[in-house]
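Asks: Sequence:
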Amino acid sequence: MPLAVLHPKSVSDISSIIKYIFDLGLSSELTVAARGHGHSLEAKHRHTKGLAPKSWTDYLHLTVGGTLSNAGISGQAFQHGPQINNVYQLEVVTGRGEVATCSEEQNTDLFHAVLGGLGQFGIITQARIALEPAPKMVKWIRALYSDFSIFTKDQELLISSKNAFDYVEGFVIINRTGLLNNWRSSFNPKDPVQANQFTSDGKILFCLEVAKYYNPEESEYIDQEIDALLSALNYIRSTLFQSEVSYVDFLDRVHVSEIKLRERVYGRWKNSTSLITPQEDIFYLVAFLSSAVPSSTGKDGLEHILTQNKKILHFCGRPHLGIKQYLPHYSTPEEWKAHFGTQWEVFYRRKLAYDPLAILTPGQRIFRREKSLWATVIKKLKIT
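Residues in the sequence shown are numbered consecutively from 413, following the numbering used here.
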């Protein structure tokens, strides 16, 4: 538990808090962990003016500073890159309490450090991000595959094609009874008769999820474009489902599903930022999304899911696989060094430059605030 919870009302308040702790030096063990409170209302405000961010996350009810401190990845990232690659300028309060404006042209190293930097180099207080005209409607489509290689081949075809879908994602479905019937609450089958004959019981299936954005005046030919795109794919024909929703509703779809779940139970790439990705030209974001049944001691209980997660993470830690965690969580500095790999020296240097006393974001456990270590650092800073 924190010793205190402070509610700053301005950038100056944040700066004053951090600078006060920084000036205490190593005589104090105080640290600062920033906690945000959702930016989706502001995002919708932009939308009503006819503009929207180029790159969204799949879950809107987060803070801008929080997503930019990680990456901000969604099914649009194949077109525009993650959110951190669509930022023009930031205002940041560093671990020294200094307020700095940074961009690709000004304080460039700080700019790259903070983006994807896990809150280790500064608190983002303002961000200027790339916007584009917001579409009004979305054609939202799902289809199933039984062969993983065909599934990934079609995904890679879509992300490499021009004028294709605006959003491409996918997920794995294991032994889901009545899957297509469950989809009917939000989607309509292309062929209802064939859809009724399809069974998902006992199968491992792969769902392709795509979306095409458009405006009402384009409705006459949008279906033709979608049919042409779908004709090149090799999904199971009886499993094609479509829906038509507003752009805002599509962006907020994960939160809507979250609310339903809670009710039933009582989610173009640059390498100069701090984000770590696999060293491949094409890589996949794989997410395991589970929900636990309260008080259950079976496979749908919390303890079983946590144990399963640990096994998955242990497997993913094998060096030859080249897997990197998104929203990483490690408990020791050694594990963090392995995560950053060849980029550790750059990450460490930036920490010394922008938060030399390791005041910011202690919960990540990347840097220990040891007096012997940081006293040496301070001496070096004073010499230079």
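Please keep in mind that the hints were generated in silico from the structure rather than gathered at the bench.
Don't be surprised by glycine CBs; every beta carbon is placed ideally from N, CA and C.
Any given hint might turn out to be false.
Unchecked claim - Straight-line alpha carbon distances no greater than 25 Å define the calculated DSS-like cross-link-like pairs of lysine-lysine that follow:
no., residue 1, residue 2
1, K723, K624
2, K624, K565
3, K749, K736
4, K624, K749
5, K466, K615
6, K736, K565
7, K711, K722
8, K615, K723
9, K624, K574
Unchecked claim - FRET-style restraints, in silico, Cβ to Cβ:
no., residue 1, residue 2, range
10, P740, T564, 46 to 52 Å
11, H716, Q654, 32 to 38 Å
12, E568, T744, 35 to 41 Å
13, C728, R447, 27 to 33 Å
Asks: Given the hinted pair K723 and K624, is their Cα-Cα distance within 25 Å?
Replies: Violated. K723 to K624 sits at ~37 Å, over the 25 Å cutoff.
Asks: Does K565 lie within 25 Å of K624 when you go C-alpha to C-alpha?
Replies: Cα-Cα ~20 Å, so holds.
Asks: Does the Cβ distance between H716 and Q654 fall inside 32 to 38 Å?
Replies: 36 Å, holds
Asks: Look at the Cβ atoms of E568 and T744 and judge whether their distance stays inside 35 to 41 Å.
Replies: Once the Cβ atoms are compared, 36 Å apart, the range 35 to 41 Å for T744 and E568 holds.
Asks: Does K615 pair with K723 here, judged by a C-alpha cut-off of 25 Å?
Replies: 23 Å, holds
Asks: Does K711 pair with K722 here, judged by a C-alpha cut-off of 25 Å?
Replies: 14 Å, holds
Asks: Would the hint linking K736 and K565 be met if the CA-CA limit is 25 Å?
Replies: Distance ~22 Å between K736 and K565 Cα, so the pair holds.
Asks: Can the restraint linking K624 and K574 be considered satisfied, given a maximum Cα separation of 25 Å?
Replies: 13 Å, holds
Asks: What's the verdict on K466 and K615, does the C-alpha distance respect the 25 Å limit or exceed it?
Replies: 37 Å, violated
Asks: Sort out whether K736 lies within 25 Å of K749, counting only the CA atoms.
Replies: 12 Å, holds
Asks: Given a hint of 46 to 52 Å, does the C-beta separation of P740 and T564 actually sit inside it?
Replies: The hint (46 to 52 Å, Cβ to Cβ) is violated, given that P740 and T564 are roughly 24 Å apart.
Asks: Holds or violated: are the alpha carbons of K624 and K749 at most 25 Å from each other?
Replies: Not satisfied, since the Cα-Cα distance of roughly 40 Å exceeds 25 Å.
Violated hints, in rising order: 1, 4, 5 and 10; the structure is consistent with all others.
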